[in-house]
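There are 2 protein chains.
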Amino acid sequence: MSDFWSDIPGMSQRLSDVQRCMRDTLRTERFPLADAVEALIDANGKMLRPAFLLMAGDFGKKKAALLELAAAVELLHVATLIHDDVIDEAATRRGRPTVHARYSAKDAVLAGDWLFSRCFRLAAEASSPENAKLLARLVGGICSAEIHQDLEKFVWSESVRNYLRKIAGKTALLFALAVQAGARESKVPLRASATLSRIGYDVGMAFQIIDDILDYESSEGAMRKPVGKDLCEGLCTLPLILALRTNGQAIRPLLVSCRPDDDAVETVVKQVRDSGALDESRSYARRYTERALREVERLPKGPARDALRKLVSKLLDRRY
Amino acid sequence: MSDFWSDIPGMSQRLSDVQRCMRDTLRTERFPLADAVEALIDANGKMLRPAFLLMAGDFGKKKAALLELAAAVELLHVATLIHDDVIDEAATRRGRPTVHARYSAKDAVLAGDWLFSRCFRLAAEASSPENAKLLARLVGGICSAEIHQDLEKFVWSESVRNYLRKIAGKTALLFALAVQAGARESKVPLRASATLSRIGYDVGMAFQIIDDILDYESSEGAMRKPVGKDLCEGLCTLPLILALRTNGQAIRPLLVSCRPDDDAVETVVKQVRDSGALDESRSYARRYTERALREVERLPKGPARDALRKLVSKLLDRRY
Numbered sequence: 001m002s003d004f005w006s007d008i009p010g011m012s013q014r015l016s017d018v019q020r021c022m023r024d025t026l027r028t029e030r031f032p033l034a035d036a037v038e039a040l041i042d043a044n045g046k047m048l049r050p051a052f053l054l055m056a057g058d059f060g061k062k063k064a065a066l067l068e069l070a071a072a073v074e075l076l077h078v079a080t081l082i083h084d085d086v087i088d089e090a091a092t093r094r095g096r097p098t099v100h101a102r103y104s105a106k107d108a109v110l111a112g113d114w115l116f117s118r119c120f121r122l123a124a125e126a127s128s129p130e131n132a133k134l135l136a137r138l139v140g141g142i143c144s145a146e147i148h149q150d151l152e153k154f155v156w157s158e159s160v161r162n163y164l165r166k167i168a169g170k171t172a173l174l175f176a177l178a179v180q181a182g183a184r185e186s187k188v189p190l191r192a193s194a195t196l197s198r199i200g201y202d203v204g205m206a207f208q209i210i211d212d213i214l215d216y217e218s219s220e221g222a223m224r225k226p227v228g229k230d231l232c233e234g235l236c237t238l239p240l241i242l243a244l245r246t247n248g249q250a251i252r253p254l255l256v257s258c259r260p261d262d263d264a265v266e267t268v269v270k271q272v273r274d275s276g277a278l279d280e281s282r283s284y285a286r287r288y289t290e291r292a293l294r295e296v297e298r299l300p301k302g303p304a305r306d307a308l309r310k311l312v313s314k315l316l317d318r319r320y
Numbered sequence: 001m002s003d004f005w006s007d008i009p010g011m012s013q014r015l016s017d018v019q020r021c022m023r024d025t026l027r028t029e030r031f032p033l034a035d036a037v038e039a040l041i042d043a044n045g046k047m048l049r050p051a052f053l054l055m056a057g058d059f060g061k062k063k064a065a066l067l068e069l070a071a072a073v074e075l076l077h078v079a080t081l082i083h084d085d086v087i088d089e090a091a092t093r094r095g096r097p098t099v100h101a102r103y104s105a106k107d108a109v110l111a112g113d114w115l116f117s118r119c120f121r122l123a124a125e126a127s128s129p130e131n132a133k134l135l136a137r138l139v140g141g142i143c144s145a146e147i148h149q150d151l152e153k154f155v156w157s158e159s160v161r162n163y164l165r166k167i168a169g170k171t172a173l174l175f176a177l178a179v180q181a182g183a184r185e186s187k188v189p190l191r192a193s194a195t196l197s198r199i200g201y202d203v204g205m206a207f208q209i210i211d212d213i214l215d216y217e218s219s220e221g222a223m224r225k226p227v228g229k230d231l232c233e234g235l236c237t238l239p240l241i242l243a244l245r246t247n248g249q250a251i252r253p254l255l256v257s258c259r260p261d262d263d264a265v266e267t268v269v270k271q272v273r274d275s276g277a278l279d280e281s282r283s284y285a286r287r288y289t290e291r292a293l294r295e296v297e298r299l300p301k302g303p304a305r306d307a308l309r310k311l312v313s314k315l316l317d318r319r320y
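Protein sequences appear in the order of chains X and R. No gaps in the numbering here: position 164 of the first sequence is 164 in the numbering used here, and each next residue is one more. No gaps in the numbering here: position 192 of the second sequence is 192 in the numbering used here, and each next residue is one more.
These are calculated hints, taken from the structure and not from any lab test. Errors might be hidden in some of the hints.
The calculated DSSO-like cross-link candidates involving lysine-lysine, where the alpha carbons are at most 27 angstroms apart (straight line), are [as the list claims (entries may be wrong)]:
no., chain 1, residue 1, chain 2, residue 2
1, X, Lys63, R, Lys270
2, R, Lys187, R, Lys310
3, X, Lys133, R, Lys270
4, X, Lys133, R, Lys133
5, X, Lys46, X, Lys310
6, R, Lys270, X, Lys62
7, X, Lys133, R, Lys63
8, R, Lys63, R, Lys187
9, R, Lys133, X, Lys170
10, X, Lys229, X, Lys63
11, X, Lys133, X, Lys170
12, R, Lys170, X, Lys133
13, R, Lys229, R, Lys270
14, R, Lys63, R, Lys229
15, X, Lys133, R, Lys187
16, X, Lys187, R, Lys62
17, X, Lys310, X, Lys229
A few chain X residues that face chain R, going by a derived Cβ cut-off under 10 angstroms, partial list only [said to hold, decoys possible]:
no., residue
18, Tyr103
19, Phe116
20, Gly140
21, Leu278
22, Asp279
Cβ-Cβ distance ranges computed for the label pairs, FRET-style [unchecked claim]:
no., chain 1, residue 1, chain 2, residue 2, range
23, R, Arg96, X, Ser159, 33 to 39 angstroms
24, X, Asn162, R, Val256, 39 to 45 angstroms
25, R, Ala250, X, Ser16, 56 to 62 angstroms
26, X, Val155, R, Val256, 42 to 48 angstroms
27, R, Ala250, X, Asp17, 40 to 46 angstroms
28, X, Lys310, R, Asn162, 51 to 57 angstroms
Note that the Cβ used here is the ideal one computed from N, Cα and C, for glycine as well.
Using the sequences plus the hints, can you model the full thing?
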């Protein structure tokens with residue numbers, strides 16, 4: 001587990017247990033591409049979604065076994081990553097070859113499908129029927145959001161509202177669900193559970209906005225993905241939207257030819273950086289984070305609240 | 001609904017109701033590609049899986065509302081078709097443009113994912129938790145089987161056993177599940193339920209073998225798919241396996257260059273036809289059908305049994 005969790009007591013160990021549960025899931029049946037998927041689990045990032053799920057559970061009266069559910073939520077995330085890589089024809093993910101590159105697009109589509117089914121099955125077996133439904137609804141929501149996003153590619157709309165709606169469906173929903181599932185399973189009282197869901201949603205929004213900022217900011221080493229990737233894929237994210245609003249005349253003509261390896265990409269990235277749009281985007285992220293932090297104070301006092309507060313603040317400042 | 005069902009009392013109407021339920025499912029939410037998926041539902045084939053599910057339910061004590069569950073099983077089938085078309089880069093399906101061709105591979109992957117989630121959700125909401133788990137296990141099984149099949153492409157193994165295992169996972173399981181789900185939901189007594197599952201399995205095996213025969217036999221008009229498609233995709237199905245066993249020396253060298261539009265495809269198809277392998281394959285299908293028919297006689301007498309017997313016999317003789 002990454003150093004990220006070192007100051008949240010016990011979390012590193014708990015997430016290792018979730019990873020073990022994910023690996024066990026892959027091994028229970030003769031799943032042909034287990035190795036490739038396992039490599040992706042090992043190289044996995046911070047495991048924020050299962051972490052939020054477990055932390056929400058800590059507010060419950062019942063010490064529920066949340067490992068399987070946390071594993072299901074993270075498998076769902078891994079499944080969407082695998083399908084994303086097929087769709088984007090990505091060769092690497094977190095510095096390792098994608099399933100798609102290592103085997104074939106066909107196998108990657110099927111591996112993702114298999115993981116979806118595994119995730120639903122884990123949820124159906126290890127949690128309440130309500131959580132199984134929740135998870136199914138969620139996958140549907142994410143897919144709809146992704147399709148909407150795809151249909152709007154290369155449109156370069158300047159609507160912030162539209163952008164926020166898209167990332168709500170794509171990311172914030174999954175965070176909110178993870179939190180809701182953990183809370184429900186651990187019988188967290190209704191009021192606290194609703195507060196936790198709102199926190200999950202706001203954190204998800206802030207998380208995605210920061211991700212979109214980092215796409216214009218980071219050097220390839222830190223993020224392990226190239227700068228301007230969203231741009232090349234035709235995604236109009238918040239930094240670009242804000243830059244277009246102040247300096248559209250200069251930027252718009254360049255967007256026509258934004259394709260990987262084109263000089264225009266570099267120019268647009270520079271324009272966005274110079275326009276002050278990154279700072280402005282950060283202030284959007286900060287607003288969501290601040291709202292989440294206010295909600296945190298409404299939760300019952302104790303170590304669970306302290307840990308959650310620490311995590312929420314920390315996410316705003318991430319640089320990778 | 002197709003003429004296929006005209007001699008099974010009431011089935012045409014019931015399957016229309018299932019289709020309506022599928023369409024309603026697509027419309028309940030703002031699903032962006034609903035039109036494209038709906039076209040696929042309208043052009044849908046015989047809807048055998050939901051039909052078997054409903055017919056199994058007819059043996060139950062309880063008149064259960066099986067429409068949603070039947071719709072879920074068929075949506076699952078449609079989802080796998082959409083992903084198959086992405087994978088095979090197929091331009092048409094049942095004479096209409098595929099989702100993949102009409103939109104993009106990305107949208108087709110996501111549309112399939114969305115349908116999976118919809119199917120799990122329908123199952124989780126409209127049926128028992130056991131059936132939701134059953135469905136999840138099934139999707140996993142099908143994906144595993146498809147991946148195994150893909151990894152063995154262009155290997156041209158002569159193992160009948162291996163072939164039968166593959167089609168069991170790919171097709172027979174889905175038939176058995178459909179039947180099992182219907183039986184469970186309608187509280188069919190255990191013994192009859194087990195018999196029905198075996199019938200579903202055997203019918204699924206026969207169905208796939210006949211499908212594989214038709215790939216060597218049919219003209220493009222009847223099947224609406226080109227002859228020799230499996231061959232071009234590197235699939236070693238029963239007719240080819242049996243032909244290889246009797247005339248491998250002549251056929252094997254040709255397989256090296258079996259690619260679409262290659263003369264070798266036509267030659268191999270002819271060799272398979274001339275080898276008698278199609279008749280021999282039909283006798284395999286007949287054995288499964290006969291076993292299913294024997295099982296049918298163990299079910300309680302009545303119109304439900306008569307209808308099932310009629311359907312099982314009929315499927316053996318299909319030519320499209």
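Outcome of the hint check:
1. X:Lys63 <-> R:Lys270: Violated. Lys63 of chain X to Lys270 of chain R sits at ~67 angstroms, over the 27 angstroms cutoff.
2. R:Lys187 <-> R:Lys310: Satisfied, since the Cα-Cα distance of roughly 23 angstroms is no more than 27 angstroms.
3. X:Lys133 <-> R:Lys270: violated (51 angstroms)
4. X:Lys133 <-> R:Lys133: Distance of about 11 angstroms is within 27 angstroms: holds.
5. X:Lys46 <-> X:Lys310: Roughly 15 angstroms separates the two Cα atoms, so the pair holds.
6. R:Lys270 <-> X:Lys62: Not OK: Lys270 of chain R and Lys62 of chain X at ~68 angstroms, beyond 27 angstroms, violated.
7. X:Lys133 <-> R:Lys63: holds (24 angstroms)
8. R:Lys63 <-> R:Lys187: holds (9 angstroms)
9. R:Lys133 <-> X:Lys170: Satisfied, since the Cα-Cα distance of roughly 26 angstroms is no more than 27 angstroms.
10. X:Lys229 <-> X:Lys63: violated (43 angstroms)
11. X:Lys133 <-> X:Lys170: holds (18 angstroms)
12. R:Lys170 <-> X:Lys133: holds (26 angstroms)
13. R:Lys229 <-> R:Lys270: holds (14 angstroms)
14. R:Lys63 <-> R:Lys229: violated (43 angstroms)
15. X:Lys133 <-> R:Lys187: holds (23 angstroms)
16. X:Lys187 <-> R:Lys62: violated (34 angstroms)
17. X:Lys310 <-> X:Lys229: violated (30 angstroms)
18. Tyr103: holds (8 angstroms)
19. Phe116: Holds. Min distance 6 angstroms.
20. Gly140: Because about 4 angstroms separates Gly140 of chain X from the closest Cβ in chain R, which is inside the 10 angstroms limit, the hint holds.
21. Leu278: violated (28 angstroms)
22. Asp279: violated (32 angstroms)
23. R:Arg96 <-> X:Ser159: 33 to 39 angstroms: Holds, at about 34 angstroms.
24. X:Asn162 <-> R:Val256: 39 to 45 angstroms: violated (53 angstroms)
25. R:Ala250 <-> X:Ser16: 56 to 62 angstroms: holds (58 angstroms)
26. X:Val155 <-> R:Val256: 42 to 48 angstroms: holds (47 angstroms)
27. R:Ala250 <-> X:Asp17: 40 to 46 angstroms: 59 angstroms Cβ-Cβ, so the 40 to 46 angstroms window is violated.
28. X:Lys310 <-> R:Asn162: 51 to 57 angstroms: Given range 51 to 57 angstroms: holds, Cβ gap about 55 angstroms.
Of the numbered hints listed earlier, those contradicted by the structure are 1, 3, 6, 10, 14, 16, 17, 21, 22, 24 and 27.
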